[in-house]
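Given these sequences and hints, build the entire structure.
Heads up: the protein sequence lines correspond to chains A and B, in order. Under numbering that gives the first Met the number 0, the residues of the first sequence are numbered 0 to 449, in order. Under numbering that gives the first Met the number 0, the residues of the second sequence are numbered 0 to 75, in order.
A hint or two may mislead.
Computed, partial: chain A to chain B, Cβ under 7 angstroms [said to hold, decoys possible]:
{"hint": "1", "residue": "Asn383"}
{"hint": "2", "residue": "Ala394"}
{"hint": "3", "residue": "Val444"}
Computed footprint of chain A on chain B, listed as stretches where at least three residues anywhere in the stretch have a Cβ under 8 angstroms from a Cβ of chain A [claimed, not checked]:
{"hint": "4", "segment": "23-30"}
{"hint": "5", "segment": "48-54"}
Please keep in mind that the hints were generated in silico from the structure rather than gathered at the bench. Yeah, the Cβ is synthetic: ideal placement off N, Cα and C, and Gly gets one too.
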Amino acid sequence: MGAVRVAAATEILTPEDVRRSGDRHRVVEARRRHRRLGLLWLLVGPGILVMLGENDGPSMLSYAASGATYGIGFFLPFIVLTFVAAIVIQEMSMRVGAVTHRGYGELVFQRFGPFWGWVSCVDLGITNLITLITELIAVRVGMAFFGIPTPVAVATGLALIAFSVAGGRYWRWERAALGLAAFNLLFVAAALMSHPDPGAIGRAFATWSPLPSGSLQLFLLLMASNIGATVTPWMLFFQQSASVDKGMTPRDIPQGRIDTVLGGVLAAAAGCAALVVASALFTHHVDSSHLQGGAGFAEALRPIIGYPAAAVFALGLIEAGALATMTISASTAYAFGEALAGPHSFNQKPAEAPSFYAFNIGIAMVAAAIVLIPGAPLLAITLNANLLAVVLLPAALVFLLMLANDRDLMGPRANPRWLNLAGGLVALLVGLAATSYAVVAFANVAFGRA
Amino acid sequence: MKPDVHRQHIYLGEPDEDLIESLEPDQLVSSMNLPVARRKLSRPVSAGLWALRLFLLAVSGMVVYVFVAGVVRGAG
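Written as structure tokens, this is what we have:
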């Protein structure tokens, strides 16, 4: 690497430092000139991306399945609640990154040792691979609505990643991803076009009703899937590493919080919108149990809400899968780069960080190969992707809580007591939801109970 | 931040000093590559982490079993 020795010190400046300093210089200038909106514009990114990135293919399909199964009711405010939990967790992730200038995987490795570091990394690698398969399935499902064949859909997803990482700058990658993320709000447009009942939406938020009825296993499945649609391990890795890559410092924490909350609000709006659109299937008594394969929900919605609204829903699915393919691939590359103490920054060009870019594109290529296998159980993978993430989440949350409470690392910016209570409660509820579903589903399958 | 500390990180020549001074010293790659000290975990904390790990593995096993059963049933 073309490093340059600095005068009067042992410090080395790398091209990565120089590129990051360019971005930071604009932040310093905006702050010096008291340009509040300009400063916010420069500092938003990781929070919005992590939240809208998590509004991915399986997430939107989980929200849609909730709407199609139970209509507008309990799950609408429940989605908002899960995003409140996500904001609590992601704020910690952003703050730890801004204070320590180290990614989540890196800190777990260095602070708790290689065993726990590798355990976290392998958990992430497995869940990310499975989730990436579902993202490409979502792109495929969305494109199938427009008659585009599977190989073209999968190739488009891969081409998008290759294009997005070609810039050699974090800033360019982030802005390209943010541009794509804006299209997550297509779900809101689709909801408006489907002419939902405002009274039903208002009642659901006010009373959390009607409550779901019927199969306990199905209810637990959708509840766990909706949690997994909002808070997952890759988000912790991604936002912390992206905050570091962006060059955020403790002074930027207020803007980082706005970024995270804004992302949560936008993502909650899109998630609720997906539920509202699909609730038309519930109203028209359409069996939605097998809609996640093929053209799925969009095709089923077409005769009910019309072609334009269904097409917008399908476009939203394509965006959801495509953006998440970018962010989840990035989180994998960050995590393994940190684990191997290798390069792990978008501020390095591909020639400077071949392993980072290889992980980034490589995991997506493996996922694409699986999607293209004839007869692969794609529907089962889609249904279970969020569940596996939920099951493994409590371990990741415990490490994040320990890091955010580590006064040697965080100093005065360690978690206050109320935030520990909130974070602990989220970890506990996530663990309970995952365990409840796993036990009930396992009992039903293993012991043949219906 | 003390100016003298910051001054240590000024790059000779291009890019200009203002640009490099925009980075905090501990944001430089050379600083970020220095590992933080390992934390000594107490026995109760280690035991708690192991217990959580084993519990989650058991739950994961159940989810994987349900997943595989679903795939087999679908194939049949």
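Going down the list of hints, with the structure as the test:
no.: 1; hint: Asn383; in the structure: 5 angstroms, holds
no.: 2; hint: Ala394; in the structure: 6 angstroms, holds
no.: 3; hint: Val444; in the structure: 5 angstroms, holds
no.: 4; hint: 23-30; in the structure: holds (count 8)
no.: 5; hint: 48-54; in the structure: holds (count 3)
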